[in-house]
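**Q** Chains as they are written, first to last, in the numbering used here: chain X, 1 to 115; chain W, 116 to 228.
Think of the hints as simulated: they come from the structure by calculation, not from any bench. Cβ coordinates follow ideal geometry from the N, Cα and C atoms, glycine included. One should not assume that every hint holds.
To be verified - What the simulated footprint calls covered on chain W by chain X, stretch by stretch (three residues with Cβ under 8 Å from a Cβ of chain X suffice, anywhere in the stretch; the number is not a length):
#: 1; stretch: 135 to 141
#: 2; stretch: 183 to 189
Claimed, not checked - Far from chain W, some chain X residues (derived; all Cβ distances over 10 Å):
#: 3; residue: PRO8
#: 4; residue: ASP27
#: 5; residue: MET45
#: 6; residue: SER54
#: 7; residue: ASP88
#: 8; residue: GLU103
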Amino acid sequence: GAVVSQHPSRVICKSGTSVKIECRSLDFQATTMFWYRQFPKQSLMLMATSNEGSKATYEQGVEKDKFLINHASLTLSTLTVTSAHPEDSSFYICSASGQPNTEAFFGQGTRLTVV
Amino acid sequence: GENVEQHPSTLSVQEGDSAVIKCTYSDSASNYFPWYKQELGKRPQLIIDIRSNVGEKKDQRIAVTLNKTAKHFSLHITETQPEDSAVYFCAASSAGGYQKVTFGTGTKLQVIP
Numbered sequence: 001g002a003v004v005s006q007h008p009s010r011v012i013c014k015s016g017t018s019v020k021i022e023c024r025s026l027d028f029q030a031t032t033m034f035w036y037r038q039f040p041k042q043s044l045m046l047m048a049t050s051n052e053g054s055k056a057t058y059e060q061g062v063e064k065d066k067f068l069i070n071h072a073s074l075t076l077s078t079l080t081v082t083s084a085h086p087e088d089s090s091f092y093i094c095s096a097s098g099q100p101n102t103e104a105f106f107g108q109g110t111r112l113t114v115v
Numbered sequence: 116g117e118n119v120e121q122h123p124s125t126l127s128v129q130e131g132d133s134a135v136i137k138c139t140y141s142d143s144a145s146n147y148f149p150w151y152k153q154e155l156g157k158r159p160q161l162i163i164d165i166r167s168n169v170g171e172k173k174d175q176r177i178a179v180t181l182n183k184t185a186k187h188f189s190l191h192i193t194e195t196q197p198e199d200s201a202v203y204f205c206a207a208s209s210a211g212g213y214q215k216v217t218f219g220t221g222t223k224l225q226v227i228p
């Protein structure tokens, strides 16, 4: 199946700093990618839809100025957590699919710890 | 927007027994319903999916049923094995979209040897 690669898999950062997470589709082009956040023992919550060449669409309650999304090419979307705080510590995961209503492939996820 | 509810939140079964997880969705326009298995700290893995033009789909020990009228869909695992222990998520996809997936709350399945 298609491969979505996410990097880094783990990151620890200090409060107030910014962290960038990359999501790449390795063998297909993804016009749209999705970013999710998962807190321990909870479900995956959609944060935003990343659209190649245009602004991301954020879900209600997600601060767009805090979670910056850039989708500069058909194979790469980045999520930057700006001015990170301990409450931003979570598992962030991206997904992408090449065609509508087909299987979405997930990246391996990024465990962010803000200290 | 879409809302997906999932029950039960935890499920323990004896090895060899069957496990059933149920979900409901709210958006009648949703037409793609995947099920994911997630092991601790890992990415969700698709285990089976069903589209709204099909009522039932089976893949070895796993089956999914869909009732569009009632907006219900269920996952059935037969002859459970310890390696089936994980968290399972149902999901629903917005019709016509590029996989904007709304997940259920998850079911932690424990298969007792």
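**Q** Now tell me if each hint is right for this structure.
**A** We went through each hint and held it up to the structure:
no.: 1; hint: 135 to 141; result: violated (count 0)
no.: 2; hint: 183 to 189; result: violated (count 0)
no.: 3; hint: PRO8; result: holds, 14 Å
no.: 4; hint: ASP27; result: holds, 17 Å
no.: 5; hint: MET45; result: violated, 8 Å
no.: 6; hint: SER54; result: holds, 13 Å
no.: 7; hint: ASP88; result: holds, 18 Å
no.: 8; hint: GLU103; result: violated, 5 Å
In this structure, the hints that do not hold are numbers 1, 2, 5 and 8, in rising order.
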